[in-house]
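Spelled out, the chains give:
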Amino acid sequence: MAPKLGIAIVEADRERALLIVDGLREAGDFDVSVVGDAASLVRQLAKMKPDVVLIDIASPDRDVLEELTLASGPLERPVAMFVDRSDDKITKAAIEAGVSAYVVDGLRKDRIKPVLDAAIARFHMFSRMRTELEATKEALSQRKTIDRAKGLLMKARDLSEDEAYALLRKTAMDQGRKVIDVANALVTAADLLG
Amino acid sequence: MSRAALNCGFIPLVDCAPLVVAREMGFAEEELLDLRLHRQPSWSAIRDQLTFGQLDAAHMLAPMPVAMSMGLGGVPTRIDVLSVLSVNGNVIGVSRELSERMRRVGSAPDFLSATVVGRALISAIDGRLRVGVPFPFSMHAELLYYWLGALGLRAPADLDVRTVPPPQMADAISSGEIDAFCVGEPWGSIAVEQGVADLVLPGCAIWQFAPEKVLAVRHDWAEKCPDTLTSLMRAIWRAGRWLSDPANRMMISELLARPAYVDVSPEVIDRALTGRLRVSADGSEQLVPRFLEFFTGAATFPWRSQAEWIAERWANRAGLDRKEALANGRASFRSDLYRNCLGPIGADLPGASDKVEGALESRTPVASFTGEMVLGPDIFFDRLIFEPSSKDSPKT
Numbered sequence: 357m358a359p360k361l362g363i364a365i366v367e368a369d370r371e372r373a374l375l376i377v378d379g380l381r382e383a384g385d386f387d388v389s390v391v392g393d394a395a396s397l398v399r400q401l402a403k404m405k406p407d408v409v410l411i412d413i414a415s416p417d418r419d420v421l422e423e424l425t426l427a428s429g430p431l432e433r434p435v436a437m438f439v440d441r442s443d444d445k446i447t448k449a450a451i452e453a454g455v456s457a458y459v460v461d462g463l464r465k466d467r468i469k470p471v472l473d474a475a476i477a478r479f480h481m482f483s484r485m486r487t488e489l490e491a492t493k494e495a496l497s498q499r500k501t502i503d504r505a506k507g508l509l510m511k512a513r514d515l516s517e518d519e520a521y522a523l524l525r526k527t528a529m530d531q532g533r534k535v536i537d538v539a540n541a542l543v544t545a546a547d548l549l550g
Numbered sequence: 018m019s020r021a022a023l024n025c026g027f028i029p030l031v032d033c034a035p036l037v038v039a040r041e042m043g044f045a046e047e048e049l050l051d052l053r054l055h056r057q058p059s060w061s062a063i064r065d066q067l068t069f070g071q072l073d074a075a076h077m078l079a080p081m082p083v084a085m086s087m088g089l090g091g092v093p094t095r096i097d098v099l100s101v102l103s104v105n106g107n108v109i110g111v112s113r114e115l116s117e118r119m120r121r122v123g124s125a126p127d128f129l130s131a132t133v134v135g136r137a138l139i140s141a142i143d144g145r146l147r148v149g150v151p152f153p154f155s156m157h158a159e160l161l162y163y164w165l166g167a168l169g170l171r172a173p174a175d176l177d178v179r180t181v182p183p184p185q186m187a188d189a190i191s192s193g194e195i196d197a198f199c200v201g202e203p204w205g206s207i208a209v210e211q212g213v214a215d216l217v218l219p220g221c222a223i224w225q226f227a228p229e230k231v232l233a234v235r236h237d238w239a240e241k242c243p244d245t246l247t248s249l250m251r252a253i254w255r256a257g258r259w260l261s262d263p264a265n266r267m268m269i270s271e272l273l274a275r276p277a278y279v280d281v282s283p284e285v286i287d288r289a290l291t292g293r294l295r296v297s298a299d300g301s302e303q304l305v306p307r308f309l310e311f312f313t314g315a316a317t318f319p320w321r322s323q324a325e326w327i328a329e330r331w332a333n334r335a336g337l338d339r340k341e342a343l344a345n346g347r348a349s350f351r352s353d354l355y356r357n358c359l360g361p362i363g364a365d366l367p368g369a370s371d372k373v374e375g376a377l378e379s380r381t382p383v384a385s386f387t388g389e390m391v392l393g394p395d396i397f398f399d400r401l402i403f404e405p406s407s408k409d410s411p412k413t
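These protein sequences, in sequence, are chains A and B. Just so we're on the same page, my numbering is the position in the first sequence counted from 1, plus 356. Just so we're on the same page, my numbering is the position in the second sequence counted from 1, plus 17.
Note that these hints are calculated values from the structure, not bench results. Remember, predicted model here, so these are calculated numbers, not experimental data. Mixed in with the good hints, there may be bad ones.
No more than 27 Å apart at the CA atoms, straight line, and that leaves these computed lysine-lysine pairs for BS3-like [stated by the list, open to error]:
#1 Lys469(A) to Lys445(A)
#2 Lys445(A) to Lys241(B)
#3 Lys448(A) to Lys241(B)
#4 Lys500(A) to Lys445(A)
When you get a sec, could you build the whole thing from the sequences and use the hints?
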């Protein structure tokens with residue numbers, strides 16, 4: 357049996373790193389380690405001698421790994437980016453997902469594929485999570501604005517909460533705008549009028 | 018007519034200016050080009066995205082396409098250099114402590130003398146000198162190896178060149194990971210602002226006309242989209258001409274300072290544009306002529322001999338066949354496309370596409386299409402010259 361594949365994940369965010377580790381554990385039996393500190397990146401990788409290095413494409417530390425692709429001394433293992441023009445598809449998928457992988461030269465592709473597949477899946481999950489988080493934040497801030505607008509109307513025109521909301525909605529419909537836009541305009545106007 | 022969309026990557030540096038100006042000052046629009054600029058986190062990201070088609074064009078370090086043509090660094094892809102975006106513009110800085118030691122051991126510091134500064138540096142170091150550069154395939158690395166090598170420092174025994182992303186250069190020097198750096202602006206000035214480094218030498222004191230950044234595209238894209246390519250080259254060339262007018266300097270600083278571009282205060286960006294560098298936290302300044310050139314002296318022309326110079330340096334270091342490396346390297350600098358696309362709009366074209374690198378001590382008129390081309394100075398600090406392999410080659 358071939359020895360376990362050694363994988364190093366370069367990621368400063370502990371939570372994210374652990375999620376990738378979990379993803380890889382599900383994909384196979386690998387020897388996974390995490391490097392969080394960019395300053396000692398080259399030194400640590402030289403010590404670990406991983407077969408594969410995974411790093412976020414958006415990480416500025418990627419350029420530091422470029423040194424490894426040139427190193428050929430007995431201590432540092434030659435590493436090359438996993439890019440073989442015959443397998444554009446997976447590389448493209450990796451780059452689109454934001455994964456960059458550096459792989460020891462000559463490692464067989466069938467051994468790397470599950471690693472990359474798992475990493476790609478996790479990276480997609482991160483971007484989904486980020487989008488959802490932003491949507492949640494946006495919804496929350498919209499609700500706050502609408503609540504304020506309702507409060508202003510209730511006070512100024514002596515309305516109940518439901519009536520205030522109905523008025524906002526009717527105004528929005530009449531003007532072909534969104535409720536949040538009307539609420540925003542009202543809040544801005546109220547702020548200006550002090 | 019609909020505008021052709023083109024995605025172009027850049028790294029936040031003062032020398033991305035031709036791209037920003039082409040977009041913001043309307044030069045791209047004049048060419049019916051929708052030039053979309055994408056800020057990139059690293060040189061390797063820019064290279065990979067260009068290779069795999071997320072980007073159509075890119076701001077690149079001049080040695081990157083040459084190294085790629087030799088099969089070094091990542092993906093074996095043929096990349097074409099359409100024009101040179103900037104010449105010179107790097108600074109060498111050292112930690113405050115090393116700067117202090119240099120002052121104690123050296124003669125009077127002379128900011129423009131690579132020999133004086135280099136000797137002071139070599140006598141001030143204690144053991145191996147650790148220097149940060151932004152990328153292994155960079156003019157920064159080439160200048161350092163050239164300069165310190167000529168003065169007797171040997172890599173890797175005495176010289177340890179490390180990769181540090183430019184925005185982290187100040188941190189790396191303050192935490193003691195490196196003793197010195199060679200970096201593009203504004204990042205050297207930022208280290209001075211933070212009080213962690215002194216600038217000791219501008220890159221142009223080592224080589225007075227070093228091609229720094231280039232406009233790069235995939236070779237297959239250049240073949241496939243000749244019209245968009247022509248529009249791009251023309252917009253960028255006009256942007257370069259606009260940049261060379263001193264009256265536009267304030268505007269350039271303001272444009273580059275925007276959060277979407279370099280995101281550093283315009284006062285700091287202005288130092289690279291004027292060549293008036295603040296070299297130490299005590300406020301002392303140095304004026305560097307031709308610190309960063311976008312246009313003057315045929316700066317935009319992709320000389321085949323520049324590619325050969327880079328290719329030869331790499332062939333020596335990586336132990337590759339010299340002849341093959343030079344042939345591949347020179348083929349990546351597309352002076353033929355430059356002639357075809359820019360000749361018709363009035364760019365002055367030199368009589369040859371190679372020049373002897375390092376031969377001009379001062380500004381010198383040379384044979385050109387309109388007869389008005391002036392080159393130089395372009396000498397190396399040690400006065401060596403580099404003869405291109407095919408001085409008498411046809412105009413290609």
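Next pair to validate is Lys445(A) with Lys241(B); report whether the Cα-Cα distance is within 27 Å.
holds (21 Å)
Within 27 Å, alpha carbon to alpha carbon, are Lys448(A) and Lys241(B)?
Holds, because 20 Å separates the two Cα atoms, which is no more than 27 Å.
Between Lys500(A) and Lys445(A), does the CA-CA distance stay at or below 27 Å?
violated (45 Å)
Given hint Lys445(A) paired with Lys469(A) - CA-CA distance at most 27 Å:
At roughly 11 Å apart (the allowed maximum being 27 Å), Lys445(A) and Lys469(A) satisfy the hint.
Checked against the numbered hints given earlier, this structure breaks only hint 4.
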